[in-house]
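**Q** Going line by line, the protein sequences match chains W and E.
Be aware that the first sequence starts at 22, since it is given in my numbering, and climbs by one per residue.
Be aware that the second sequence starts at 1212, since it is given in my numbering, and climbs by one per residue.
These are computed hints drawn from the structure, not numbers from a lab.
These numbers come from a predicted model, not from an experiment.
For each residue, glycine too, the CB sits at the ideal point set by N, CA and C.
Take the hints with a grain of salt, since some may be wrong.
[To be verified] Taking lysine to any residue and the SDA-like style, the derived pairs with C-alpha atoms no more than 25 Å apart in a straight line are: (1) W:Lys-169 x W:Glu-293; (2) E:Lys-1456 x W:Arg-148; (3) E:Lys-1456 x E:Leu-1508; (4) E:Lys-1537 x E:Gly-1404; (5) E:Lys-1456 x W:Ser-146; (6) E:Lys-1456 x E:Gly-1472; (7) W:Lys-127 x W:Arg-72; (8) E:Lys-1308 x W:Ser-352; (9) E:Lys-1537 x E:Leu-1468; (10) E:Lys-1308 x E:Ala-1353; (11) E:Lys-1308 x W:Leu-346; (12) E:Lys-1456 x E:Leu-1534; (13) E:Lys-1467 x E:Phe-1588; (14) E:Lys-1456 x E:Pro-1559; (15) E:Lys-1308 x W:Glu-351; (16) E:Lys-1537 x E:His-1400; (17) W:Lys-127 x W:Ala-73; (18) E:Lys-1360 x E:Gln-1347; (19) W:Lys-169 x E:Asp-1413; (20) W:Lys-82 x W:Ala-123; (21) E:Lys-1308 x W:Gly-349; (22) W:Lys-169 x E:Arg-1417; (23) E:Lys-1467 x E:Tyr-1578; (24) E:Lys-1308 x W:Leu-350; (25) E:Lys-1583 x E:Glu-1370; (26) E:Lys-1467 x E:Asn-1504; (27) W:Lys-86 x W:Pro-60; (28) E:Lys-1537 x E:Pro-1521; (29) E:Lys-1537 x E:Ala-1353; (30) E:Lys-1308 x W:Ala-348.
[To be verified] If you want a taste of the chain E side facing chain W, the calculated C-beta under 8 Å gives, among others: (31) Leu-1330; (32) Gly-1332; (33) Phe-1339; (34) Asp-1413; (35) Pro-1419; (36) Arg-1426; (37) Thr-1431; (38) Arg-1440.
What follows is the residue order along each chain.
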Amino acid sequence: MAGRVVLVTGVSRDLARKFARAAAEHPGVERVIGVDVVPPRGDVGGMSFVRADIRNPVIAKVIAKEDVDTVVHMSVISTPGPNGGRATMKELNVIGTMQLLAACQKAPNLRRLVVKSTTTVYGASSRDPAMFTEEMEPRRQPRGGYAKDVAEIEGYVRGFARRRADVAVTLLRCANVIGPHVTSPIAQYLRMPVIPTVLGFDPRLQFLHEDDLLGALGHAVGAEQPGTYNIAGAGVLMLSQVVRRLQRPSLPLPGFAVGGLGNALRSVHVTEFSPELRAFLTFGRGVDTTRMRRDLGFEPRYSTAAALDDFATDLMPTGGRADRLLAGLESRLSSAAIERVEI
Amino acid sequence: MGDAEIIPIGTRGRPGRGTGQRPSAAARSLAPKAAARPEPKTPRVKKPVEMAPDPVEEPADPVDETLAPRAVAPVVANERPGIPVGDWLAALESAGKELWGDDWEPQLARLLAFLRRRLTGDYVVDEFGFDAELTQRFLFSALRPIAEKWFRIEVIGAENIPTEGGALVVSNHSGTLPMDALMTLVQVHDHAGRFLRPLGADLVFRMPFVSSMARKSGATLACNEDAERMLRGGELVGVWPEGFKGIGKPYSERYKLQRFGRGGFVSAALRTGVPIVPVSVVGAEEIYPLIGNMPSLARILGLPYLPITPFFPWLGPLGAVPLPSKWLIEFGEPIRTDDYDAGAADDPMLVFNVTDQVRETIQQTLYSLLMKRESVFGG
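Could you put together the complete structure from these sequences and hints?
**A** As structure tokens, this is what we get:
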């Protein structure tokens, strides 16, 4: 990565900012330029921030002027957020990516493009195979929302890869990112004091630790391995297992009620249950990470279970009474046994 | 010397099980000594402290030693409401002995450890969501009595189940509800010591409760991707290629094999080079004799069929009790697929031929098993 100039989009959000900061400290990187509409809050380190909207052609000028050779696109957002509705989100995701790719196409010195995508593109349904590999398509085409945005974005990225064969394009489909500092729909969901679940369903979940996300992005920038890769921690956990590990009580509700509850929670800004999240919490999803290990050569430090454990360290348990009771019983039993042995 | 007086047998004239503070008339007449005491509460707390050294002072007397701990426990309990921990432990001990005999303690400790592991989520499921511990401990324990006592299942040719490596177990399907699949799971586990991983229709994964149970007991969706993934992983995979056509066929067509799907299971076996083990199940046809169907209601509910049996829906939930037919399960000789060349799975004619071979084997075995079975419900 000798003397490289890296452009990172979406740096107002935590993960992108952290990645930009980490990249700036890398000895092979000369400059890191962070781009977003809103300035980042928090420590930006050696990153230089350029206030630019990727939805308009100014971004092309930034790329040309700074002589950018690596673009890391991280500004695909999964929720509309407080400032703007679904229309804004779609515009930011799809139009933003289109503009960015158009600018990239006109940049002769560009060598690498890394796009952070998500496993949400595979959807979640009862007809899904247990583990999605990279070449599998979703069983049902997404009709709207985040999943559709991502599917469209990936389409544009593939188109770009065809037109600019000299640019190594890496598409990382990341599983749900969790970690002590992550704010995402699934993280907020797991932070709820009582976790609503879909009655009669127990989805399989995979997690990616936030450090591993940054690691995977860094690895993709460094390695010359174009292609699409699923990125997830090893192993799967059932939602029932996750709830128990977090020591939280769960509240099983019929599917439609979970949707209603989600709407109610959105109105009070606690969390949001998008249709994709609801399907995910009903049917779950697993992605195959063979290619990540074999071709990309990346090995996450945290397994799914370890990522969850790290996520849980800051959480106050709100349940787990039955376990404490059993633990008490167990210790009593063993102490009674010791007493008897002494007698 | 004061020992005999202090041992508190009964309530010592205080109100016993009643809730009021005032002793009952009967209790009052029994309690002249208690009334004589100036403060009834303080001595009660003090007494055990006083008497505790007694057995230590008189270690020669064995009667005191045994009495003293018993005397202490109820008095201490007066300080706190509820049943004292000592009593719980004693009850636990006797229950443990009752259940597991003399080595009850390691057994109970193991059970507690198991329960805690379940409650804290500290167990492992594989990528398909299979929970071996739960399946073995609960599902199989619940199904085994049904298999042994209710259906009196006889297994023939269990040695044909490969003891290691991937293999595809192909069986006929019947009985309105997939009871035959569940019974085959238990029998494979008990006879070959392996878990059979069933492939289920997508309806299974769409239905609440059924879906979560299916994944935990090792099932996955019947699609080529999953079948090949499991077979490559060296699992014993079970398929019922007749699907709903087989399980939902009328009683009059019992033991007539339906079309074996599109032969997808054969191409999965060919692609992975694993042997196909044909299985014939006799007896499952009679558990819920399907004499009618409610197609329009089934369509509304999104089900492939809604059965009418002699007992369902007439007897409500009682109609879901299967008839105690006599079952025979025969595992046939494995059909090898590893000597076909690489492109065999893409040769439709070959796939059809192997499919027919498997189907014919199962059909013939069914006929011979039916001859062997003396009566439907006897034996």
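**Q** Now look at each hint and say whether the structure bears it out.
**A** Cross-check of the supplied hints:
| no. | hint | verdict |
| --- | --- | --- |
| 1 | W:Lys-169 x W:Glu-293 | holds (17 Å) |
| 2 | E:Lys-1456 x W:Arg-148 | holds (19 Å) |
| 3 | E:Lys-1456 x E:Leu-1508 | holds (18 Å) |
| 4 | E:Lys-1537 x E:Gly-1404 | holds (24 Å) |
| 5 | E:Lys-1456 x W:Ser-146 | holds (24 Å) |
| 6 | E:Lys-1456 x E:Gly-1472 | holds (9 Å) |
| 7 | W:Lys-127 x W:Arg-72 | holds (20 Å) |
| 8 | E:Lys-1308 x W:Ser-352 | holds (19 Å) |
| 9 | E:Lys-1537 x E:Leu-1468 | holds (19 Å) |
| 10 | E:Lys-1308 x E:Ala-1353 | holds (24 Å) |
| 11 | E:Lys-1308 x W:Leu-346 | holds (22 Å) |
| 12 | E:Lys-1456 x E:Leu-1534 | holds (21 Å) |
| 13 | E:Lys-1467 x E:Phe-1588 | holds (20 Å) |
| 14 | E:Lys-1456 x E:Pro-1559 | holds (22 Å) |
| 15 | E:Lys-1308 x W:Glu-351 | holds (17 Å) |
| 16 | E:Lys-1537 x E:His-1400 | holds (20 Å) |
| 17 | W:Lys-127 x W:Ala-73 | holds (18 Å) |
| 18 | E:Lys-1360 x E:Gln-1347 | holds (19 Å) |
| 19 | W:Lys-169 x E:Asp-1413 | holds (24 Å) |
| 20 | W:Lys-82 x W:Ala-123 | holds (12 Å) |
| 21 | E:Lys-1308 x W:Gly-349 | holds (21 Å) |
| 22 | W:Lys-169 x E:Arg-1417 | holds (23 Å) |
| 23 | E:Lys-1467 x E:Tyr-1578 | holds (10 Å) |
| 24 | E:Lys-1308 x W:Leu-350 | holds (17 Å) |
| 25 | E:Lys-1583 x E:Glu-1370 | holds (20 Å) |
| 26 | E:Lys-1467 x E:Asn-1504 | holds (18 Å) |
| 27 | W:Lys-86 x W:Pro-60 | holds (20 Å) |
| 28 | E:Lys-1537 x E:Pro-1521 | holds (19 Å) |
| 29 | E:Lys-1537 x E:Ala-1353 | holds (19 Å) |
| 30 | E:Lys-1308 x W:Ala-348 | holds (21 Å) |
| 31 | Leu-1330 | holds (4 Å) |
| 32 | Gly-1332 | holds (3 Å) |
| 33 | Phe-1339 | holds (5 Å) |
| 34 | Asp-1413 | holds (5 Å) |
| 35 | Pro-1419 | holds (2 Å) |
| 36 | Arg-1426 | holds (7 Å) |
| 37 | Thr-1431 | holds (5 Å) |
| 38 | Arg-1440 | holds (6 Å) |
The structure is consistent with each of the numbered hints, conforming to all of them.
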